[in-house]
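Use these hints to put chain B onto chain A, whose structure you have.
Chains as they are written, first to last, in full-length UniProt numbering: chain A, 1 to 406; chain B, 1 to 406.
Just so you know, these hints were derived from the structure itself, not from any lab.
A few chain B residues that face chain A, going by a derived Cβ cut-off under 10 Å, partial list only:
hint, residue
1, N5
2, S8
3, R9
4, A49
5, Y66
6, S246
7, T277
Label-pair ranges, simulated between beta-carbon atoms:
hint, chain 1, residue 1, chain 2, residue 2, range
8, A, Q11, B, A162, 26 to 32 Å
9, B, K352, A, T200, 50 to 56 Å
10, A, A343, B, A116, 35 to 41 Å
11, A, Q11, B, E147, 35 to 41 Å
12, B, H293, A, D58, 18 to 24 Å
13, B, H86, A, D58, 30 to 36 Å
Even for Gly, the Cβ is constructed at its ideal location relative to N, Cα and C.
Protein chains: 2
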Amino acid sequence: MTNHNYASRVQNHNSSIIADLLVQSSDPQNISFAGGYPDASLFPSADLADAFQHAVADNTPAVFQYTDAKGPQELRELVAARHAKHMGYPATADDIIMTQGGQQAIDLLASLFLDAGDGLAIEGPTYLGAISIFENYAPKYYEIPIETDGINLAILEQQLQANRGADRIKLLYLVPDFQNPTGITISVAKRQRLAELAETYDFYIIEDAPYRELRYRGEHLPTLQSFDTHHRVIYVSSFSKILAPSLRIGYICASPTILTAVAGLKSAADIQSPNMTLDALTYYLNHYDIDAHIANMIPYYAKKRQTMIDALHKYMPSEVTFTEPEGGFFLWITAPASLDLNAFMYDVLIPKARIVYIPSQAQYIHGDVANSARLNFSAVAIEKIEPGIRLLAETFTNYLTNHPAE
Amino acid sequence: MTNHNYASRVQNHNSSIIADLLVQSSDPQNISFAGGYPDASLFPSADLADAFQHAVADNTPAVFQYTDAKGPQELRELVAARHAKHMGYPATADDIIMTQGGQQAIDLLASLFLDAGDGLAIEGPTYLGAISIFENYAPKYYEIPIETDGINLAILEQQLQANRGADRIKLLYLVPDFQNPTGITISVAKRQRLAELAETYDFYIIEDAPYRELRYRGEHLPTLQSFDTHHRVIYVSSFSKILAPSLRIGYICASPTILTAVAGLKSAADIQSPNMTLDALTYYLNHYDIDAHIANMIPYYAKKRQTMIDALHKYMPSEVTFTEPEGGFFLWITAPASLDLNAFMYDVLIPKARIVYIPSQAQYIHGDVANSARLNFSAVAIEKIEPGIRLLAETFTNYLTNHPAE
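Chain A with its partners taken away, still in its complex shape (with noise of 0.2 Å):
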């Protein structure tokens, strides 16, 4: 990007990083485990068709007029139902606004907070989709080291504490169910001190949840936000995973207040979402049972889950560790911290064994950690995981044989 007339959040943009892999994903010689994509053979796809064929046909012509920033009221009170009854947290239809999926709602928040150089408190590694929100906004970055029970919070407190004028940490970006990337959850015990945190040091948490309800293993923990009161956890979540992706449908719930903000913001983003996918949304929750629909999709996930970890376990070398996620799409492998796993992809493992990752760097804001990697389990075909895998494993087993650490 060389163009001297453009703003400098683009010289240092990494979509061109995420642009490479998307190719590289895409090419079906490779089996990638780089995707993100939920598997197209669960969606609804009559159910949803329906509910298209329903919403356009039965709301002409207002279903192609203008209407709501927000969103549609009856849709955002069924979503403030089955937030009350999902996520511990009395949420009203005023509590709700649909936004162009989980993407958007962040992009949202990050320019309601965010002025320059302030600080922004985020997970590492953590979503790169959100860093490439968050580098538009040039902030100041604490990213925080998770532990296997999610992040650390005795850094977190460090730096809270130390950092109390102008440079004070204003917003916290969290993934707190199966985090994407390394698939780790935060603890009840964590969730709760996060949530009085915030109080105590006047700053607000973004709960991004895509994730949460795809859980295949042990109990829902509760969410950050039913633990506060003091309306600092603005939750997001999405129905690209539960449902279908290109619907572009996600919510923010939050309070009134901070939502008028944010539907402003919206208005001036791209005014509304689509009314005919909002409208079929609510017809799908009016005659369909979403519930049902993510239990049954749950074995699927589960198996393919199962799956990839047995192949781990039963392929991978012992200097190659690996986490084991209880729900979401994604586990995170770590090789010795002498192994670049960039340059291992692109050198050694696309050329001999045509896999893909997505290589730690791309999902550190400073890409100083080089030697781990997110694999996906949700988007690759079933009887590609054990194969791949294997190949993976035998591919670092050779390599770290040839290359012995120093």
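Relative to chain A, chain B alone:
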């Protein structure tokens, strides 16, 4: 917006003004000349419903999965062919990115070019939705007045010459055809000169043309982009006015280099637009004749325009002047300089006549022109135009009689 955690862009946002205007505009007891909606009775609702039914039923499950941020190749080819035919610029699919309406197109381009403090030239007055975008980027504004043949080039050139260093104008935003809000069209000579100036002074032009194809009198003028030989003019348009606004489909036509950067910003903003709306538009363009649909709408809008202009000539006191646009949705009235049309609307017009418009203040960056207003003729029912304008004119006459100019 008093929360000290919010970003400065939110503190002085004009969204609350617009929100209040929307409330007034949607009150069924008011006659609203404030809206900017197309006439819903002209939507090709049955054809669009058919297109949606095919889009969701024919392409499952792919229609529900993630795809490319730029939009489907087939749709970009159709849009490029239409653009080449009607806009006089030899576009191919590589020159097109689909956006979430024209609104997102402008936002993505503002994000591409504008750092805080960068020079942005706009017409005074200009589209209020563009102002709400630009306010988020904190540019240095150069507000260039409009003459009867469009933007005042002498003042623009003076500003271009006077500001060569860090304050130089990087970007110029224009609505050349039937401008929102004035209805004024930029002359051919000025279009040609603007394209030259962009290359001479190293700036970019956003040619925002959502109303271009709705011309009721006279001949279509060549686009600014048709005079551009250096990729300096970036064309933005939308299917909101010629088809249906809630599709939320617009496009940018620009060089592939620029579009690569725009696609990265689009990915960060919302990953992609919904496939169903894009696929439905593809089906519609393949199976229906959008040019015939536009031609069918012209007489209806032409009649609304003529009814409003005839009523203004018949009833409006001579102290109130107005434009007579050859297309689009709006005309612009100007009262004596001492009359504040925002105060007049809230204090006199709504209480006495239940009529609303958009006062000029909201359509200038600094709100310093108070005696003009935008009147919309596209959305109001045709039988309400003549009595509404008569009532508006009588209210003006009474007020001006009782409050003679100082």
